[in-house]
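Trainee: So the chains spell out like this:
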Amino acid sequence: MSPNLSRRDLIRLAGAAAAAPVLSACAGAPPAPSAAAPGTFTVYWNAGHDYAAYRKVIAEFEQANKVKVNLQKYQWPDLRTRLLADFASGTVPDLVEEPGGWVQEFAISGNARSLQDFVDRDGGAMGFPADWQPVTVERNSYQGKVYGVQLHLTCNTLLYNKAMLREAGLEPPSTWEEFLAAARKLTKDGVYGVALNQDHTYVWPWLIQAGVTPYDPATGEIMGPREAAVEALQFQADLVHKHKVAPVPVSSTDYSGPQKLFSAGRAAMILTGPWDLDPIRKTSPDLELGVAPPLKHRTRATQAAGVSLFVPAKAARPELSWDFVKRVTAAEVERAATAETGMLMPRKSWAELSEVRSDPVTKVFADALAIAQDPSQQVRLTGQLGKWDEQLKVMYQQVLIQNQPAAEALAAFTRTAEGFLK
Amino acid sequence: MSVRTPRTLAGRYARTAYLFLLPAILFFAAFFYLPIGNVVATSLRTGPQADQWAGLGNYADALGDPAVRHSFLVTVAFAVMVVIGSIVLGLALALALDQPLRGRVVFRVLLLVPYLTSVAIVGLLWRNILDPELGVLNRVLAGLGLPGQQWLNTAPLLTIACVTLWQSVGYTMVLFLAGLQGIPETYHEAARIDGADAWRRFWRITLPLLAPTTLFVSVMAVISGLQAFGQAYIITNGGPGDATDLSVFHIFNVAFRTRDFGYSSAQSVLLLVVIVAFTLVQLRAGRRGEVTY
Amino acid sequence: MRRTLLYALLALAGLVTVLPLLYMVSLSLQTEAETLAADAVLVPDSPQWGNYAELFTRAPFGDFIVNSLVVAGAITLAHLLFDPLVGYVFAKFRFPLRNTLFVALLATLMVPFFVRMIPLYVLMANLGWLNTYQGLITPFLMDAFGIFLMRQFIQPIPDDLIHAARIDGASELRVYRSVILPQTRPALAVLGLFTFVFQWNEFLWPLVATTTPEMRTIPVGLTLFNQEYFTLWHLTAAGSVILFVPTAVLFVLTQRHFVRGIALTGLK
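Chains as they are written, first to last, in full-length UniProt numbering: chain X, 1 to 422; chain C, 1 to 293; chain E, 1 to 268.
Read the hints as simulated data drawn from the structure, not as lab findings. Among the hints, a few may not be true.
Here's a subset of chain E near chain X, in silico, CB distances under 7 angstroms, partners left out [claimed, not checked]: (1) Leu-207; (2) Asn-226; (3) Gln-227; (4) Val-249.
Computed list of chain X residues with no C-beta within reach of chain C, every gap over 12 angstroms [stated by the list, open to error]: (5) Ala-130; (6) Lys-145; (7) Glu-171; (8) Asp-199; (9) Ala-267; (10) Ala-331; (11) Asp-367; (12) Asp-389.
Covered stretches of chain C, going by a simulated chain E footprint (3 or more residues, C-beta under 8 angstroms) [stated by the list, open to error]: (13) 57 to 65; (14) 107 to 114; (15) 148 to 161; (16) 193 to 202; (17) 239 to 253; (18) 274 to 284.
Keep in mind that this is a model prediction, so the values were computed, not measured. Don't be surprised by glycine CBs; every beta carbon is placed ideally from N, CA and C.
Between the sequences and the hints, there should be enough to build the whole structure, so can you do that?
Mentor: Okay, here's the thing in C-alpha cells:
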C-alpha cells in the first residue's frame with residue numbers, strides 16, 4: 001500500500017468520524033460511491049424467490065447491458081436491516097425487491113426514486129399500469145407518482161381438506177356462519193376444524209369482510225365501525241376459546257403453524273395464501289386439497305399482498321434499474337415463473353391465461369385477486385405504519401391467544417393509535 | 001522532542017500504564033466511543049432519516065411511554081431469573097466437575113455444547129421443540145402419559161429464561177472452572193489438616209478466593225441479561241401480546257421496523273445509564289468482597 | 001452413594017443439554033418431507049448424507065467456511081494479543097483515572113451492537129472496507145469482555161512476583177511476558193474459546209458488511225436456506241452441524257487448560 005493511499009484513508013477516516021450525526025451526514029457528503037464496482041449491478045432479492053425464470057432474465061440482462069448482476073439474497077428482516085444501513089451511508093443497491101408496503105414508506109422518506117418518468121415513456125409498451133390489477137398500482141404510488149412495480153400479487157383464501165369435508169357431508173363454507181358451523185362439525189378427537197395464524201397480518205381478511213376501514217384520514221376514525229371490528233376480532237377468539245374448534249396459536253416469527261397442522265390432517269381448514277401450497281404438496285402429496293373463495297360477511301373480500309420492486313433514490317444508474325424492472329415483469333416471465341413455482345402474478349392478462357383458468361387451485365386465487373384490497377394503505381401514507389403494526393400485533397395476540405375481550409383490547413389499541421396518527 | 005523521565009516511581013508506572021493502554025484507547029475511541037457519540041447525537045433528532053432536531057424530546061417521550069416502561073420491567077424480571085440461575089447452576093456444576101470424577105471431560109463437553117451453538121439456531125430449535133401441537137416435547141410428555149403444555153403461552157418469560165439458562169450455564173461453568181484453577185491447592189490442604197469439612201472449606205476458602213471470578217460472572221450476567229435480544233427475536237417475536245417484549249428487542253423494533261432512529265437511540269442511552277448504574281453497584285460491592293491472602 | 005447421586009444428576013444435565021442438539025443432527029439427515037412432517041420425526045428412515053453435499057451445490061458454502069475461519073481466527077488471535085495486556089494494566093498498575101477509564105471501558109459492553117452498527121457501517125463504507133476481511137475483522141480486535149476477564153484473573157497473582165522480577169531488572173514488557181502470561185493459561189484458554197465461539201456465530205455485522213455471497217460467513221450464508229415463508233430445515237440443520245464442529249473441536253482442545261490435572265488435586 002502506498003503512503004499516499006493510506007494518508008487518504010486516514011483523511012477519510014477522520015472525515016467519517018467527524019460527521020455527527022452520521023445518519024444525517026450523507027446529505028452534505030460528497031457524491032456517495034455506488035454499492036457496486038462499475039460494471040456490477042446489485043439487486044437485493046428475497047432468498048425464496050431465486051427462480052430459474054428470473055435467472056434467465058438476469059442472464060439476458062447481463063448480455064444486453066454488459067454488466068454483471070450481483071444478486072444479494074436475504075430474508076425480509078435482514079434485507080431491511082441491510083437497506084436501512086445502506087440508506088444511512090448513501091451506498092445503495094441498484095434495485096430492491098420488497099415484501100409490500102415499503103415502496104410507499106420509502107417514497108415518503110425520500111429514499112425511493114419516482115419511476116413516473118419511465119412509466120410515462122415506456123408504460124404503454126409494457127402495459128403498465130393498464131395491465132396491472134388496480135390495487136397493485138395504488139399501493140406502489142405516492143402523491144400521484146409511481147414509485148414501485150408489483151412483481152407478485154398474492155392473497156388469502158380458504159384451503160380445506162376435501163376428504164374431511166366430504167366425510168362430514170359439508171360443502172366448503174362461504175359465509176362466517178357457515179364457516180363456524182363447518183368448523184364445529186369438523187372438530188373431533190385430534191382434529192381441529194380450523195387453525196388460525198399467530199401473525200397479526202392474518203387479521204386483515206376478517207376485518208375487511210366485516211366492513212372495517214382501518215383508518216379514515218378524513219374523519220380520523222380508527223377501525224370503524226367499531227362494532228364491526230370488535231365482532232371480527234371476537235369471532236376469531238371465539239373459534240379458539242369458546243367453541244374450541246381451533247388450537248391456541250403460539251407467538252413466533254414463523255407463519256407455518258396452521259399449514260403444518262393442515263398438512264398433518266390435524267386441521268380441516270386454514271385461511272392462507274399460495275405460499276403454503278408448496279409445503280402442503282411436498283409433505284402430504286395424498287391430501288385432497290380444496291381451495292375456496294374468500295369468506296363473506298358484510299362483503300366478500302380479502303387482503304392483497306405480495307412483493308414489488310423499487311429503485312433507491314441514490315441508485316447510480318436508474319435507466320439500467322428500470323430496464324431490469326421491465327424485463328422481470330414481462331408477461332412471458334410471469335408465465336414462466338408461474339409454470340415453475342405456481343406463484344400468482346399482478347397482470348390482468350395473467351389471470352386470463354388458459355393455464356391459470358384450467359388449474360383448479362390457481363384459478364380460485366386468480367379470481368380472488370380481483371376482490372383483494374390493501375387495507376393498511378391509509379395508515380402507511382401517514383408514515384406511521386411501523387408503530388401501528390407493533391400495536392396491532394400486541395392487540396391481536398391479546399385477543400386471540402390471551403383471550404382478552406376484543407372490545408377492551410381494541411379500545412386500548414385505538415387510544416394508542418390516535419396518539420401517533422395525529 | 002525528549003520525554004522527561006518521571007521523577008517518582010509512581011509516575012513511571014503511570015507512564016508505562018498509559019503506554020500499554022494507548023492502542024486500546026485509540027481502538028475504543030474509533031470503534032466504540034465515536035459510534036456511541038453518534039448514537040447520543042442521533043438521540044437528539046427525529047424523523048426517518050434522523051435529521052430533524054428534537055432536543056430532549058425523545059427522552060421525554062421514552063420516560064412517559066408505557067411500552068418502554070413495560071419492556072423494562074419485563075427485562076428486569078428476565079435478567080433476575082437468568083442471573084441467579086446461571087450463577088447458582090454454573091458454580092454448582094463447576095464445583096462438581098472440578099473433582100476427580102471419571103468421565104468429567106465428557107460431562108464438561110456435554111454441558112458446554114449448547115453455548116457453542118449459535119443463539120439463532122438454538123432459538124429455532126427450541127421453537128420447534130416447544131410447539132404445543134407439533135413439538136417434540138409434548139409428544140414425549142404424551143408418551144409418558146402426561147398432558148401437553150403450552151409453555152410459550154402460559155409462562156412465556158420463564159420459558160425463554162429457561163432456554164437462555166440452558167444455553168448459557170455451560171459458559172458460566174467454564175468461567176468458574178477456570179477461576180477454581182487460580183486457587184492454590186495448599187489452602188485447601190491446610191484447611192483439611194485443620195479439620196474443616198467440605199462445606200466450611202467452600203464458604204471459607206473457595207468462595208472468597210473465587211470473588212474476582214464471581215464478580216466477573218455476575219457483572220457480565222447482568223449486562224447480558226439486561227441486553228437479552230435473540231430469544232425474543234427468534235422464538236417469541238415479543239409475544240404473546242407484549243409478554244416477552246425485552247428492552248433491546250423493543251429498541252431494535254423501534255430502530256429497524258419503525259425506523260425511528262432518534263427514539264431508539266434515546267432508549268439505548270437510557271438503557272446504558274441503567275446498566276452502568278447496576279454495574280457500579282456491583283463493582284463497589286465486589287471491591288468490598290475481594291480478599292487478599 | 002453421594003458419588004452415584006452426583007453422577008445421576010450430571011448425566012441428567014448432560015442429557016438435557018445434548019438432546020436438542022442430537023435432534024438437530026437428526027434433522028440434518030432427514031428428507032425435506034420428514035423435516036416438515038407434523039409429527040416430528042426423531043430418527044430419519046434412511047440418513048440423507050446428501051444434505052451435506054447439497055449445501056455446497058446450492059451455495060458457495062466452502063467460501064463461507066473459509067471466511068468464517070479467517071475472520072473468527074484473526075479476531076481471536078488479536079484478542080489473545082491485546083486483552084491480557086490491557087487487563088494486566090488495569091489489574092496491577094496504579095495510575096490517574098484508572099477507575100474512570102475502567103468503567104468507561106465496561107460501558108462499551110452496555111450498548112447493543114445494532115445501535116452502533118449504522119455509524120460503524122458508514123465509517124467502513126467511507127474507508128472502502130465493506131466486503132473485505134479487514135472490514136469484517138477490525139471493529140472486533142479487542143473488547144471489554146476480554147479485558148475485564150483478564151483483569152479478574154490477573155488480579156489474584158501476588159504482587160511480590162512482579163516486584164521480584166522488576167528488582168531483577170526485567171523490563172515491563174518482560175515482566176508481563178515471563179511472569180504474568182504463564183500464570184494466566186486457564187484464563188487465556190477461556191478467552192480464546194469464548195472469543196472464537198462468539199465471533200464464529202456473529203450474524204449482524206457480517207450480514208451488513210458483506211456485499212457478495214462469496215464474502216459471507218456461515219451464519220449469514222445459512223439464511224439462504226430459508227424460503228420466503230418456510231425454512232429448508234434439512235439444509236439449515238446440516239449447516240448448523242458444520243457450524244458446530246469447529247467450536248466443539250476447539251473446546252475439546254482447550255478444556256484441559258482450565259481444569260486441574262488429576263495429579264495436583266491432592267488425591268490420595
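Trainee: None of the hints should be skipped; say for each whether it holds.
Mentor: Here is what the structure says about each hint:
no. : hint       : verdict
1   : Leu-207    : 6 angstroms, holds
2   : Asn-226    : 5 angstroms, holds
3   : Gln-227    : 4 angstroms, holds
4   : Val-249    : 29 angstroms, violated
5   : Ala-130    : 33 angstroms, holds
6   : Lys-145    : 19 angstroms, holds
7   : Glu-171    : 27 angstroms, holds
8   : Asp-199    : 9 angstroms, violated
9   : Ala-267    : 9 angstroms, violated
10  : Ala-331    : 35 angstroms, holds
11  : Asp-367    : 32 angstroms, holds
12  : Asp-389    : 7 angstroms, violated
13  : 57 to 65   : violated (count 0)
14  : 107 to 114 : holds (count 8)
15  : 148 to 161 : violated (count 0)
16  : 193 to 202 : violated (count 0)
17  : 239 to 253 : holds (count 3)
18  : 274 to 284 : holds (count 5)
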